[in-house]
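Chemist: So the chains spell out like this:
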Amino acid sequence: SQQGEEDPQALSIQEGENATMNCSYKTSINNLQWYRQNSGRGLVHLILIRSNEREKHSGRLRVTLDTSKKSSSLLITASRAADTASYFCATDPSGGYQKVTFGIGTKLQVIP
Amino acid sequence: DTAVSQTPKYLVTQMGNDKSIKCEQNLGHDTMYWYKQDSKKFLKIMFSYNNKELIINETVPNRFSPKSPDKAHLNLHINSLELGDSAVYFCASSPGVAGGDTQYFGPGTRLTVL
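Protein sequences appear in the order of chains L and W.
Anchor point for the first sequence: position 19 equals 19 in our numbering, and the numbering is continuous, going up by one each time.
Anchor point for the second sequence: position 62 equals 174 in our numbering, and the numbering is continuous, going up by one each time.
Here chain L stands alone, though its shape is the one from the complex:
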C-alpha cells in the first residue's frame, strides 16, 4: 500500500478561495514534502516540514503536520488560476535509509 495518500483526489474551487489538501501516511517519518505537478511537466518542490515541526509557511502556502495522526495538510490561500495543478506529498520514512514515497496526488482546478 502507498505510504502517502492525498485527499481529496480532485478539488475544484473558484479563484480567490482557499484550497486545502490532506495527506495521510502509515509509518513514522523524518520529514514530509509537498510537490506540485503542472500538466505535462515534472514535479516541483514546494515545501518541506520536519517531524518536529507542526506548521510551516511559504508565501501563500501553509503546511501543517500532525505526527500523532500521521497526517499533513497543505493550504493554498487566495488561490489563482496558475495554482491549477496536481499536488503530491512525499514522505521520508524514519528508521534508517529508506526511499521517499510519493502519494497519488490531489488534482486542483482553480476556476478564474
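Simulated from the structure, these hints should not be mistaken for laboratory data.
Keep in mind that this is a model prediction, so the values were computed, not measured.
Worth double-checking, as some hints may not be accurate.
If we take Cβ atoms under 7 Å as the criterion, some of the chain L residues that face chain W in the derived model are [what the hints assert, rightly or not]:
no., residue
1, Ser-28
2, Asn-31
3, His-45
4, Leu-46
5, Val-100
6, Phe-102
BS3-like cross-link-like pairs, simulated, lysine-lysine; straight-line CA separation at most 27 Å [unchecked claim]:
no., chain 1, residue 1, chain 2, residue 2
7, W, Lys-179, L, Lys-69
8, L, Lys-107, W, Lys-179
9, L, Lys-70, W, Lys-152
10, W, Lys-152, L, Lys-107
11, W, Lys-152, W, Lys-183
12, W, Lys-148, L, Lys-26
13, L, Lys-26, W, Lys-179
Think of the CB as a built atom: it goes at the ideal place given N, C-alpha and C, for glycine as much as any other residue.
With chain L's structure known, arrange chain W on it following the hints.
Modeler: Chain W only, in chain L's frame:
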C-alpha cells in the same frame, strides 16, 4: 539552463522493441532517480543511483536496465517493450541520499507502446 533534462520527450514504439531514455542533470547532484507515473498519476520509484552506484532497485522487470556512465547521467534502457510499459517516465536528481533532500525532476518522457 535546464537543470534536469530528458530525451526524448515523446516516444512511440511497437511492442517488442528496445528503446532508451536519456537523462542529464547539471546541478552537480550525487543522486539520480527514475520514476514511472501511470495513467492514474501514481508516481513509483524504479531506480536510484548515488555517485554511479545503484542504491535503490525496486521490483522492476529485468527488461529495464539503468546505466549511469557518470554521476550527471542516468539512462534507462528497456528491452522487449510491452503494452503495460506505456507511462510517463521521470528522471530526478537530489544533492545526496537523505530523504529530506529536495528532488529536482525532469520534464518527463511519455512512452507509448502500440
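Chemist: All the hints need checking, so say for each whether the structure fits it.
Modeler: Going through the hints against the structure:
1. This hint is violated: Ser-28/L has a C-beta 12 Å from the nearest C-beta of chain W, more than the 7 Å allowed.
2. Given hint, Asn-31/L at the interface with chain W, holds; its Cβ is 5 Å from that chain's nearest Cβ, closer than 7 Å.
3. A distance limit of 7 Å between C-beta atoms decides the matter here; for His-45/L the minimum to chain W is near 4 Å, and the interface restraint holds.
4. Hint on Leu-46/L is violated. Least Cβ distance to chain W is approximately 10 Å, over the 7 Å limit.
5. Hint status for Val-100/L: holds, given a least beta-carbon distance of 5 Å to chain W, under 7 Å.
6. A hinted interface residue such as Phe-102/L counts as satisfied when its beta carbon comes closer than 7 Å to some beta carbon of chain W; here the least separation is about 4 Å, so the hint holds.
7. Distance restraint check for Lys-179/W and Lys-69/L: the Cα-Cα separation of roughly 40 Å exceeds the 27 Å cut-off, and the hinted pair is therefore not satisfied.
8. Under the criterion of a C-alpha separation no larger than 27 Å, the hint pairing Lys-107/L with Lys-179/W is inconsistent with the structure, at around 33 Å.
9. As the CA atoms of Lys-70/L and Lys-152/W are separated by approximately 24 Å, the hinted pair is consistent with the 27 Å bound.
10. For the proposed pair Lys-152/W and Lys-107/L, the alpha carbon gap of about 11 Å is at most 27 Å, so the pair holds.
11. A C-alpha spacing of about 31 Å is found between Lys-152/W and Lys-183/W, which places the hinted pair above 27 Å, so the restraint is violated.
12. A threshold of 27 Å between alpha carbons decides the hint, and for Lys-148/W with Lys-26/L the separation of about 22 Å falls inside it, so the pair holds.
13. Restraint check: the Cα-Cα separation between Lys-26/L and Lys-179/W comes to about 33 Å, which exceeds 27 Å; the hinted pair is violated.
Taken one by one, the earlier hints fail for this structure at numbers 1, 4, 7, 8, 11, 13, listed in ascending order.
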